[in-house]
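Student: Since the structure of chain X is provided, determine the placement of chains R and D on it from the hints.
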Amino acid sequence: MGLTLTHFVVLGAVLFCIGLYGALTKRNAIAILMSIEIMLNAVNITLIAFSFFNHVKPYSNLLTGQIFAIFIITVAAAEAALALAMIIAIYRKRQTVDVGEIDMLKW
Amino acid sequence: MDLASLIFWIIAVVLVAAALVVVGQRNIVHSALALVVVFAMASGIFLLLNAEFIAIVQILIYAGAVTILILFALMLTRIAGQRVTNPNARPLAMAVALVVSALVGLGIIFAATVSQFAQSAPAAQLLQGTVCSLPSNNVIAIGQLLYSPSCYSYVLPFEIATVVLLVAIVGAIVISREEE
Amino acid sequence: MYGLYEYAWLILAAPLASFVVIVFGTRMADLWSRHHGQTAQDYAAYLREADPAFAAWEATRGAGGHAEQQHAAQAAGPAEGTAHVGHGGEAEHQEHHGDPYDDDPTVPYLTPWAKLSGYVGIVLMLFACLYSWLLLFASLGLLPGTPRLPEGGITLFSYTWGSDAAFQPYTIAFHLDNLALAMTVVVTTVSLLVQFYSQGYMASSAGYARFFAYLSLFAFSMLTIVFAANFLVIFVGWELVGLSSYLLIGFWINKRAKPAEERPAPASAALQAFVMNRIGDVGFILGIMILFATTGTFDFATLAGSGPHGVAQAFAGNQALLTLAMILVFCGAIGKSAQVPLHTWLPSAMEGPTPVSALIHAATMVAAGVYMVARTFALFSAAGPQAFGVVAWIGGITAIFAATIGLTQTDFKRVLAFSTISQLGYMFVGLGVAGTEIGPGAGMFHLFTHAFFKALLFLGAGSVLHALHHAMHREVQDMRLMGGLARFMPITAATWLIAGLSISGFPFLSGFYSKETLISLAFEHGDYALWAITLVTAGLTAFYMFRAFFLAFGGKGGALGGIWGGPYRGEGTPHESPVTMTLPLVILAVFSIFAGYWVGFFQYLDPHAPLLDLGKLFSDGLTWLGVALSLLGIAWAYVLYCAVGWERVHKVVEANAVLRFFHRLLLHRYYVDTLYDWIVRYVVLGLCHVAAAFDRFVVDGVVNGVASLVMELGSGLRRAETGKVQAYMTVFFGGIAVFAVVVFVLATLR
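Protein chains in written order, with UniProt numbering: chain X, 1 to 107; chain R, 1 to 180; chain D, 1 to 750.
Extracted from the complex, chain X is given alone in its bound form:
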């Protein structure tokens, strides 16, 4: 039957949903961060799959999906660094990483 784009897109969608579910349900800020990383990975899989299954010249030569994935990895790394720094800063102030208790922006 062979692999098609749909396989990878569905895989990415499943992975994205798992990450989304985790991001919505976890109370530990670091766990949320990890879930977000899963979501990003899901997106990367999708992008690279599109790149792989693109046979239209000259676009298929440009590897646009892979380049996008590289930038996503770059930004994700930066995001992870910043997010963890913020979590540590909040932990210092409030002695917690529970997002349910971090609600200083409420009414």
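Take these hints with a grain of salt, some might be off.
[As the list claims (entries may be wrong)] Taking lysine to aspartate or glutamate pairs in the EDC-like style, the calculated list, with each CA pair at most 16 Å apart, reads: (1) X:K93 x R:E179; (2) X:K106 x D:E721; (3) D:K724 x X:E101.
If you are wondering where the hints come from, they were derived from the structure by calculation, not from laboratory data.
Tutor: Frame of chain X, contents of chains R and D only:
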């Protein structure tokens, strides 16, 4: 079933399982370890898709740097006497999250497989700049696409990405610095 | 050709000019001439310090009692502040007399600028008066080289809004004809005399300059009515006289009500007059609207003409509507001329200064209703007979109604007020029964004569009040505290006697001619009920006028059988008023005698009307029946108040249940005021409460409800801002989920 399919299915099953472990584990350290598996399996998918460079980068940055970073953060934010380190939200919130996640995922799958948008091919666009003849080596091809000063390349976004990284480094230091 | 007449607008401009000069010139100077915002009292104290001559003058005045020349010198409170003050003032005497009433401040000394204000008003009014008399003589053909006015009159001034239209209904136009001229003479003459008189009467009242400004404003407003060529201008003047009346009734704004004497505060009396007039004016303006909507013009001459805009053509086949319109127009006259049922404001208006009562509420403004009906006489004639019927019957009912009330009133000015209402009723009877062949002459003739003798009666009453105020140091209007004043103030008494005889229709005085003509007209035209009413009213008029005269000036035991002098029931010693006040009395007395001898008056107003037939008047037995009734009234008054004496009459009335009932009924003015009070209190205010409740609960409820709904919604929505990042994220992806469902549904439906 060819070999590629076999590998895909193995990797996919492990990948989804590991992701479920990440989300479902009550111990955050176990989650973090499962996350390493997720990254590694994703890297395998990339290899399957002829993206060797990204696969390597995935291992280096995600499975190496980010996971280590997360583990350090876990150590720094340890709360004494806490048995459940990775608690869940209230059941109602979990049900809502489940419904939302399922709907989003089904929407994506629907859009990618069934809907008419999945069938239409991309329209040919006029490309600006000269496309160099790219070698079949994925790493070299990516290098040319990222850095080439003469051919069609992503050198400007790349430079901007470097600035983003610099800002992130400085910002992380500033935010997490102990105040005197 | 009509050069002399063309400048008649100067008569109108003169009072306006004096109003402007006083308000913006001399009154300002008067205020500024006092040092640093001092009151007049402070100014006197300042003068005492600064000017030894003033202190010496004041000291002699304080020691010298109440000599005549000091009244003439406009004397008021002396330095120690214990002696008399003018009618305006009792504030500083409260502690001395324990008087429960407070009053407007008085001035011990008029500044030169205040006096100048008076002089400005008087001089300009003198000019207007002389000019109007000149025009009157010219229009009578007595001035060689000047023609009579044409029958339709001449236009003095006309300004049209919207100049290009072929037909312009909105016009400010002034018009002079014989009717206007006759009224002008009355207005300017009485105004002049009243202003002259006010120099003495108002000498110690604060706001002297303001008073003259108001008088000038009134004269201007009244002349606007007189010269008006269309309904727009007459309505403007109508409201302006209402305004000046309001200002002048409430002139002593600080005076309180005196419930013991059933006297309202001037401020509320002014308000009452204004509101009552509004009621009539609603009818007036509705009538004008009907006329304008049907004919398309306001102009009197056009309306009366036979053109397409005249009522004759415009209302052809729809006379009932014209009749309704004219009755509505007459409602304005009912209000302004204090006819039943809108009469109650006029007795209350007596709270104003007496010169004001004489000018506005006796001679001129209240006669504006009569003048207006006379001016629109042709329109009333064109309407159905019901229009004139309403005019006549309202007049007749008012005449006898007010006359009976006048029988029992003890307040000197109120007797005169009801007398005024009654006489105005006569005028409307005259207008209503006259018919087209005589025209408005009969009613206007009575207006003409009445203006003089009624002004005289009021000014005489003012003279008495002035004297009593100086004698008793408080405001006294109750006739039971007078008596025998003829001994003290012979000029006032004599002139008042002349006026009283004149209004009673005593033969050969002016009132005789105008009133007996009215009564005989009613008989000739077959209105026997009205004839009987006016005849009886004539007797009643004579009775209450002489009741007042005997109570105030005569009394049992006086000279000439109690006619001239008698026991004085008040305190202190009254003195004759200064010459500034007695001179107008004498002049008006002359007019009161001779004004009735203008036998061509009917013809003057309407060239087709007959002359006043003196021969028929004197030979008609019915005339002498009226005179006999009047004399009977006088005699009965003499019997009761000179022969028997007021106290015994009072005892007899109190002892007899029937008499007591009628006395109470009349004394309380048929309880009309009480009824109106009740209506206002329970009906009008009840409706107001309903409206207020509607406003509060429905209108405000909607507005506040919307506001609080938004507030509640906002504070509810605020809860959505939980501050929890996962909540935001759930909502965000929930939106995407909804979007996904929508896309799914749409895509599958295709």
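Student: Confirm or reject each hint.
Tutor: Each hint tested on the structure:
At most 16 Å may separate the alpha-carbon atoms for a hinted pair to count; K93 (chain X) and E179 (chain R) meet this at roughly 11 Å. With a C-alpha separation of about 5 Å, the suggested pair K106 (chain X) and E721 (chain D) falls inside the 16 Å cut-off, and the hint holds. With a CA separation close to 8 Å, the supplied pair K724 (chain D) and E101 (chain X) stays within the 16 Å bound.
Hint compliance for this structure: every hint is met.
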